[in-house]
Amino acid sequence: MRYQGIDRIAMCLLVLIALFVPVASAFGENLPRPLAENSPEIISALKNHIVYVGESQEARMNGIIRYIDLISNGTAKIDLEWIQEDYLTQASSIPLMYTAREINAAREEMGKQSLNFANAAQDQLLFFNGNFNTMKDYVNDSMIALSDSFVSARDPQWLARSGARLAVFNASSSERNTTLSDLVRQGIDVTKAREISDQIDSQRTNLENALAHRGDVTIQSVNSDIKFLNQQFRNAVLDYRAQLRIMTSVATVSAMK
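The opening position of the sequence shown corresponds to residue 1 in our numbering, with each subsequent residue numbered one higher.
Keep in mind the hints are simulated off the structure, nothing from the lab. Just so we're clear, the structure is a prediction, and the values are computed from it rather than from any experiment. Fair warning: there could be bad hints in the mix.
[Claimed, not checked] Cβ pair distances, simulated, as ranges:
hint: 1; residue 1: K192; residue 2: N140; range: 34 to 42 Å
hint: 2; residue 1: N133; residue 2: D239; range: 34 to 42 Å
hint: 3; residue 1: S147; residue 2: S44; range: 22 to 30 Å
hint: 4; residue 1: G163; residue 2: S221; range: 17 to 25 Å
hint: 5; residue 1: S221; residue 2: F132; range: 40 to 48 Å
hint: 6; residue 1: A167; residue 2: S221; range: 33 to 41 Å
hint: 7; residue 1: N235; residue 2: R185; range: 35 to 43 Å
hint: 8; residue 1: I42; residue 2: S249; range: 22 to 30 Å
hint: 9; residue 1: M247; residue 2: H213; range: 31 to 39 Å
In this text, a Cβ means the ideal position worked out from N, Cα and C, and glycines have one as well.
Sequences are here, hints too, so could you generate the full structure?
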């Protein structure tokens, strides 16, 4: 019976991946030939398709993150948030791209991060003995909220805006500060991660230059630099969390003596 439960969970999480329709199927079998693939019409169609996919995928991720945060008592969502950040980094960069090659490369990376997210979410759901149907309800709530935003025009297609990449960058900076503050509150020295976070923040100027010059090669170069620093920051945070677990175990043993 447990294997059947795992299969159901896997099928639910595959919804995250299934939404990411390949561009070929989205536009039919007759893809543009090389001479036409960078035409304004084709680029616009690619962008519009991926913006819709990106915002729908973000909503699904938000629902799952909220549920995992609930069942883990706030201990497990950070891993999913990191993957979502990588996903949105690519999605929010697409308005700054003007060739089909660069856009398709970003689309493929988004698909990879969707798969990473689905696998990580499935692991968390099983580990914390989550409920399949309840998680679906959380996802549905997020999708309803997204639909309402389109109907009310409250914040439609924010990923289509040229400033979307900077918005993701700012949100990431805020999340890093929150993560570090929480670790400090628990007695961890976060000097190393703070220095890395400051280096990431210093990339803001390069990102703003990429926005101003509207060059897809430039934005991908900046993204690559930020990705490298992000990985260093995340590794440092994982080390801190390991230290915290050791500290907690030692404190528990000491209290039992």
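Hints, one by one, checked against the model:
no.	hint	in the structure
1	K192 <-> N140: 34 to 42 Å	holds (41 Å)
2	N133 <-> D239: 34 to 42 Å	holds (37 Å)
3	S147 <-> S44: 22 to 30 Å	holds (23 Å)
4	G163 <-> S221: 17 to 25 Å	holds (19 Å)
5	S221 <-> F132: 40 to 48 Å	holds (42 Å)
6	A167 <-> S221: 33 to 41 Å	violated (20 Å)
7	N235 <-> R185: 35 to 43 Å	violated (21 Å)
8	I42 <-> S249: 22 to 30 Å	violated (57 Å)
9	M247 <-> H213: 31 to 39 Å	violated (47 Å)
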